[in-house]
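Enquirer: Fit chain B to the supplied structure of chain A, relying on the hints for placement.
Chains A and B, in that order, are what the protein sequence lines are. Each residue of the first sequence is one higher than the last, beginning at 458 in the numbering used here. Each residue of the second sequence is one higher than the last, beginning at 458 in the numbering used here.
Among these hints, one or two may not hold up.
Identical copies go unnamed one by one, so any copy, or any two together, can satisfy a pair.
Keeping only pairs whose Cα atoms sit at most 25 angstroms apart, straight-line, the calculated BS3-like set for lysine-lysine is [what the hints assert, rightly or not]:
1) Lys566 with Lys509
2) Lys599 with Lys566
3) Lys722 with Lys489
4) Lys637 with Lys624
5) Lys615 with Lys489
6) Lys566 with Lys702
7) Lys722 with Lys599
8) Lys637 with Lys627
9) Lys566 with Lys555
10) Lys676 with Lys627
It should be emphasised that the hints constitute simulated quantities derived from the structure, not laboratory data.
There are 2 protein chains.
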Amino acid sequence: MEKFEVNILGCGSALPTSKRFTTSQVVNLREKLFMVDCCEGAQILLRSSRLKFSRLNHIFLSHLHGDHCFGIPGLISSLGMLGRTGDLVIHGQADAQKIFKPLLDYFCKELPFTVRFNTINPSQSEVIFEDRSLRVHSIPLKHRVPTCGFLFEELPSKGHLIGDMIKFYKIPIRQLEQIKDGADFITEHGELIANSRLTTAASAARKYAFCSDTAYSEKIIPYIQGIDLLYHEATFRDADAARAKQTQHSTASQAAKIASMAQVKQLMIGHFSARYPNPNILLEEAIAIFPNTVLAQEGLVCRM
Amino acid sequence: MEKFEVNILGCGSALPTSKRFTTSQVVNLREKLFMVDCCEGAQILLRSSRLKFSRLNHIFLSHLHGDHCFGIPGLISSLGMLGRTGDLVIHGQADAQKIFKPLLDYFCKELPFTVRFNTINPSQSEVIFEDRSLRVHSIPLKHRVPTCGFLFEELPSKGHLIGDMIKFYKIPIRQLEQIKDGADFITEHGELIANSRLTTAASAARKYAFCSDTAYSEKIIPYIQGIDLLYHEATFRDADAARAKQTQHSTASQAAKIASMAQVKQLMIGHFSARYPNPNILLEEAIAIFPNTVLAQEGLVCRM
Chain A
458 MEKFEVNILG CGSALPTSKR FTTSQVVNLR EKLFMVDCCE GAQILLRSSR LKFSRLNHIF
518 LSHLHGDHCF GIPGLISSLG MLGRTGDLVI HGQADAQKIF KPLLDYFCKE LPFTVRFNTI
578 NPSQSEVIFE DRSLRVHSIP LKHRVPTCGF LFEELPSKGH LIGDMIKFYK IPIRQLEQIK
638 DGADFITEHG ELIANSRLTT AASAARKYAF CSDTAYSEKI IPYIQGIDLL YHEATFRDAD
698 AARAKQTQHS TASQAAKIAS MAQVKQLMIG HFSARYPNPN ILLEEAIAIF PNTVLAQEGL
758 VCRM
Chain B
458 MEKFEVNILG CGSALPTSKR FTTSQVVNLR EKLFMVDCCE GAQILLRSSR LKFSRLNHIF
518 LSHLHGDHCF GIPGLISSLG MLGRTGDLVI HGQADAQKIF KPLLDYFCKE LPFTVRFNTI
578 NPSQSEVIFE DRSLRVHSIP LKHRVPTCGF LFEELPSKGH LIGDMIKFYK IPIRQLEQIK
638 DGADFITEHG ELIANSRLTT AASAARKYAF CSDTAYSEKI IPYIQGIDLL YHEATFRDAD
698 AARAKQTQHS TASQAAKIAS MAQVKQLMIG HFSARYPNPN ILLEEAIAIF PNTVLAQEGL
758 VCRM
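Isolated chain A, as found in the complex (with noise of 0.2 angstroms):
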């Protein structure tokens, strides 16, 4: 299978603490890297991680909360100096290129790339960003100011063939992307060869989502359905109900609540207050819920 991944960099939420970093991850499809949020201090995690900054060429911001965004001057500076190239594209709302490309035109006046900004309206789903091989669509969440999460689907890879099947039929060059794409064979005796019989199937398309910051919101069920991996926030626990409800977050019980009756196939919790110096009461109360979940931590890679 080939790699489809989320490298944990930060997980608190609001305020850093010497043992946590507010939120930043980075999702690796088949070693492109796709950042979800830049907190401060995201540079430095980056680069204490195996992942290979010159392969990073978008990021993806929820909101324009300090704790999710105040790591993109440092980063893109570093990253000049460290000679990375081609373009790099930030995904965010309107204000991220009002705020951020001031920042950026004072501060990285030499950048060895360009960055550009591409707008999301946070307030509707939409594909954001599509290659060959993964589609990003925006989730509409629910907080104190405009957000969005991410849907990462991976898009099918088409059939591999089998060589030994495709020398048999001597089947020409020019036919092989048609029968990569599924197609049959008819030979020069007008034999049907089954498409099955030339290819090994292609491999499943997996999705991730990632769901931050957002209050306890049931609309967010229909985009998230039956996928692979949901990361949802998990600020506060069930005794700290009310607070999450006034600052429009989650608690681990209602990210579990989403998702089992999304029957997503495993969860992660993150974004935890740091009023919890140790999350396993969050991951408690999540696992009486839904059984398959994992508390996100600096340096963990999820694999799907």
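Expert: Showing chain B alone in chain A's frame:
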């Protein structure tokens, strides 16, 4: 002796690494805290230290390169969430306000304190802050962008009254301030009691200078002559002197030469390039010229 110390938060240059943040330090004079420069992550380093963030009221920015100021929005945002009160003053050149005010307006709408900007002109030496115990002067430095260092000058404290003598001569309360200031006392019988019999001497006024970033420049010597502690940047070793010149930084030997010519009591070197995982080679080169040199490192507290 009352407390006067420098707390190193970060002491690297340009590129932070997993082992070394860039530049930020806190001067602590009698439990009043003054931050000098504010690297990305400074808020985390401050909170990991034993310094009380509630006692931080002034931030001095030497220049506007990212490795010296990217931590400003995160620090101020977190100080707000932690409920700090009282005005916070950022002393920096005019562009500091132009850059950071819009960020604070956007990200820190509900701060429980006011952030004021005190504009300084980095091309001349001037008194930029003064209270009863401290005077801060700027020191023009030589760098690729306008940059200044800072001289922290403790103001002489008044003499301490000797309680038994005050009682013995029945000195009226209204005269005590004059006596603290050095006045003699004349009894009702016309006897002159020398001030030295009524007070213990004021402690000596100490001086600390922060000089980073700067190329080698003997012009700073008059400002730092004979001071107690000089922090001077030492970005490169001698072998990389050409690179130091090109980027308008100093070598460790150059920092030591300045310390020696200015006859300072102690030198601390910092702002090490990330190319030296172990900065002891810089220390060795400095010590060869100025023996009383220490190496800045995260968490170091240097007392005067």
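Enquirer: Next, verify each hint and record whether it holds.
Expert: Tested hints:
no., hint, in the structure
1, Lys566 with Lys509, "within (24 angstroms within a copy, 37 angstroms between copies)"
2, Lys599 with Lys566, "between (37 angstroms within a copy, 20 angstroms between copies)"
3, Lys722 with Lys489, "within (23 angstroms within a copy, 54 angstroms between copies)"
4, Lys637 with Lys624, "within (15 angstroms within a copy, 103 angstroms between copies)"
5, Lys615 with Lys489, "within (18 angstroms within a copy, 66 angstroms between copies)"
6, Lys566 with Lys702, "between (43 angstroms within a copy, 21 angstroms between copies)"
7, Lys722 with Lys599, "within (23 angstroms within a copy, 59 angstroms between copies)"
8, Lys637 with Lys627, "within (15 angstroms within a copy, 106 angstroms between copies)"
9, Lys566 with Lys555, "both (17 angstroms within a copy, 17 angstroms between copies)"
10, Lys676 with Lys627, "neither (53 angstroms within a copy, 82 angstroms between copies)"
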